[in-house]
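Numbering (my numbering), first residue to last: 161 to 376.
Since the hints were made in silico from the structure, they are not lab data.
Treat each hint with caution, since some may be false.
[To be verified] In the DMTMM-like style, the derived pairs of lysine to aspartate or glutamate whose C-alpha atoms are separated by at most 20 angstroms in a straight line are:
hint : residue 1 : residue 2
1    : 337       : 364
2    : 203       : 293
3    : 321       : 293
4    : 193       : 182
5    : 285       : 364
6    : 257       : 209
7    : 219       : 195
8    : 237       : 191
9    : 237       : 182
10   : 219       : 209
11   : 237       : 273
12   : 193       : 273
13   : 321       : 365
14   : 285       : 196
15   : 219       : 350
16   : 193       : 164
17   : 337       : 350
18   : 257       : 350
19   : 257       : 305
20   : 301       : 365
21   : 356       : 305
22   : 240       : 209
23   : 257       : 239
24   : 301       : 239
[As the list claims (entries may be wrong)] Label-pair restraints from in silico Cβ distances:
hint : residue 1 : residue 2 : range
25   : 162       : 296       : 14 to 24 angstroms
26   : 346       : 273       : 12 to 22 angstroms
27   : 161       : 191       : 38 to 48 angstroms
28   : 261       : 191       : 28 to 38 angstroms
29   : 187       : 238       : 38 to 48 angstroms
30   : 339       : 178       : 14 to 24 angstroms
31   : 293       : 193       : 26 to 36 angstroms
Every residue, glycine too, gets a C-beta built ideally from N, C-alpha and C.
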Amino acid sequence: MNFEQARFNMVEQQIRPWNVFDENVMSMLAEVKREEFVSPEYKAIAFSDVEIPLPGGQKMLFPRVEARLLQELNLSKKDKVLEIGTGSGYVTAILAKLADFVYSIDINAVNKEFAISNLTRAGIKNVSVIEGDGLNGLATKAPFDKILIGGALPAIPQTLKQQLRVGGHLIAINGIKPAMHAVHITKVAENEFIEKQIFETVVDELTGAYQSQFRF
Numbered sequence: 161m162n163f164e165q166a167r168f169n170m171v172e173q174q175i176r177p178w179n180v181f182d183e184n185v186m187s188m189l190a191e192v193k194r195e196e197f198v199s200p201e202y203k204a205i206a207f208s209d210v211e212i213p214l215p216g217g218q219k220m221l222f223p224r225v226e227a228r229l230l231q232e233l234n235l236s237k238k239d240k241v242l243e244i245g246t247g248s249g250y251v252t253a254i255l256a257k258l259a260d261f262v263y264s265i266d267i268n269a270v271n272k273e274f275a276i277s278n279l280t281r282a283g284i285k286n287v288s289v290i291e292g293d294g295l296n297g298l299a300t301k302a303p304f305d306k307i308l309i310g311g312a313l314p315a316i317p318q319t320l321k322q323q324l325r326v327g328g329h330l331i332a333i334n335g336i337k338p339a340m341h342a343v344h345i346t347k348v349a350e351n352e353f354i355e356k357q358i359f360e361t362v363v364d365e366l367t368g369a370y371q372s373q374f375r376f
């Protein structure tokens, strides 16, 4: 299989038509090898418009959704980033290449180890992958410039919003199937936030997201 052609087709046929034009994001989508962040049996569909299963359960987001969320973060090399839901480590790798440092939390031990293996093989060093409950964020490393929640939640935890610095941004997918939309939350003052909807989509909920004390 010609992975480079498949990668090019993913960018041109799936991602660019979804209004992704940020050159930094597009460059990383071309550079980071998505096929190296999936299980061997899924390499042939690594660039397809599907949600690819992860070894420990859950799925990778659609490539076009990943790209739109990354674009919305508007990352800079000085940013300290918190990612909730490491998954395969693919988005983590792109975050790390565009930001200063990434802290990534995943509740699933199998997926955490899968991601660490993938990130190590890709030579990504400015990242810390933590097994734990993303509901609480990572207060010991707060405040964060950017927070990305890599799956859907029925509500965005106030705890995570509070861990933004003033002027920081949180990107997530909010709602319950079939009514979901990506949101961009900006912390404009210590206890003041502005939220805007970005686009509609439907993705899997993060693990346990419907529980009264939902876990990621």
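Each hint, compared with the structure:
Annotation: proposed proximity of residue 337 to residue 364 holds, straight-line Cα distance about 8 angstroms (limit 20 angstroms). This hinted pair does not check out: residue 203 and residue 293 have alpha carbons roughly 29 angstroms apart, beyond 20 angstroms. Taking the CA atoms of residue 321 and residue 293, the gap is about 16 angstroms. The hint holds against a cut of 20 angstroms. Among the hinted pairs, residue 193 with residue 182 is consistent with the structure: their alpha-carbon atoms are about 19 angstroms apart, no more than 20 angstroms.
For the hint pairing residue 285 with residue 364, the CA-to-CA distance comes to about 29 angstroms; that exceeds 20 angstroms, so the pair is violated. Between residue 257 and residue 209, the direct Cα distance comes to roughly 23 angstroms. Violation of the 20 angstroms bound is thereby established for this hinted pair. Of the pairs offered as hints, the one joining residue 219 and residue 195 holds, with about 15 angstroms between alpha carbons and a cut-off of 20 angstroms not exceeded. Restraint check for residue 237 and residue 191: satisfied, since their Cα atoms lie roughly 17 angstroms apart, inside the 20 angstroms limit.
Only pairs whose Cα atoms come within 20 angstroms are accepted, and residue 237 paired with residue 182 is accepted, the gap being roughly 15 angstroms. The hinted pair formed by residue 219 and residue 209 meets the criterion: a straight-line CA distance of about 13 angstroms does not exceed 20 angstroms. Pair hint residue 237 plus residue 273 does not hold up; C-alpha atoms about 26 angstroms apart against a cutoff of 20 angstroms. About 18 angstroms separates the Cα atoms of residue 193 and residue 273, which keeps this hinted pair within 20 angstroms; it holds.
For a cut-off of 20 angstroms, the pair hint linking residue 321 to residue 365 stands: about 19 angstroms separates their Cα positions. The straight-line distance between the Cα atoms of residue 285 and residue 196 is roughly 16 angstroms, inside the 20 angstroms bound, and the hint therefore holds. Only pairs whose Cα atoms come within 20 angstroms are accepted, and residue 219 paired with residue 350 is rejected, the gap being roughly 34 angstroms. Among the hinted pairs, residue 193 with residue 164 is consistent with the structure: their alpha-carbon atoms are about 9 angstroms apart, no more than 20 angstroms.
At most 20 angstroms may separate the alpha-carbon atoms for a hinted pair to count; residue 337 and residue 350 exceed this at roughly 32 angstroms. A distance of roughly 29 angstroms separates the Cα atoms of residue 257 and residue 350; the hinted pair therefore is violated under the 20 angstroms criterion. Simply put, residue 257 and residue 305 have alpha-carbon atoms about 15 angstroms apart, close enough for the 20 angstroms limit, and the pair holds. Restraint check for residue 301 and residue 365: the C-alpha separation of about 26 angstroms exceeds 20 angstroms, so the hint is violated.
Of the pairs offered as hints, the one joining residue 356 and residue 305 holds, with about 18 angstroms between alpha carbons and a cut-off of 20 angstroms not exceeded. Restraint check for residue 240 and residue 209: not satisfied, since their Cα atoms lie roughly 30 angstroms apart, outside the 20 angstroms limit. Our distance criterion of 20 angstroms between C-alpha atoms is met by residue 257 and residue 239, whose separation comes to about 11 angstroms. As the CA atoms of residue 301 and residue 239 are separated by approximately 13 angstroms, the hinted pair is consistent with the 20 angstroms bound.
In this structure the hint that residue 162 and residue 296 lie 14 to 24 angstroms apart at CB is violated, the actual value being about 44 angstroms. Between residue 346 and residue 273 the Cβ separation comes to about 34 angstroms, which falls outside the hinted range of 12 to 22 angstroms. Separated by about 19 angstroms at the C-beta atoms, residue 161 and residue 191 break the suggested range of 38 to 48 angstroms. Roughly 19 angstroms separates the CB atoms of residue 261 and residue 191, a value that falls outside the hinted 28 to 38 angstroms.
For residue 187 paired with residue 238, a C-beta distance near 18 angstroms fails the hint of 38 to 48 angstroms. Range check, residue 339 to residue 178: Cβ separation about 20 angstroms, and the 14 to 24 angstroms hint holds. In this structure the hint that residue 293 and residue 193 lie 26 to 36 angstroms apart at CB holds, the actual value being about 30 angstroms.
Comparing the model with each earlier hint shows violations of hints 2, 5, 6, 11, 15, 17, 18, 20, 22, 25, 26, 27, 28, 29; every other hint is respected.
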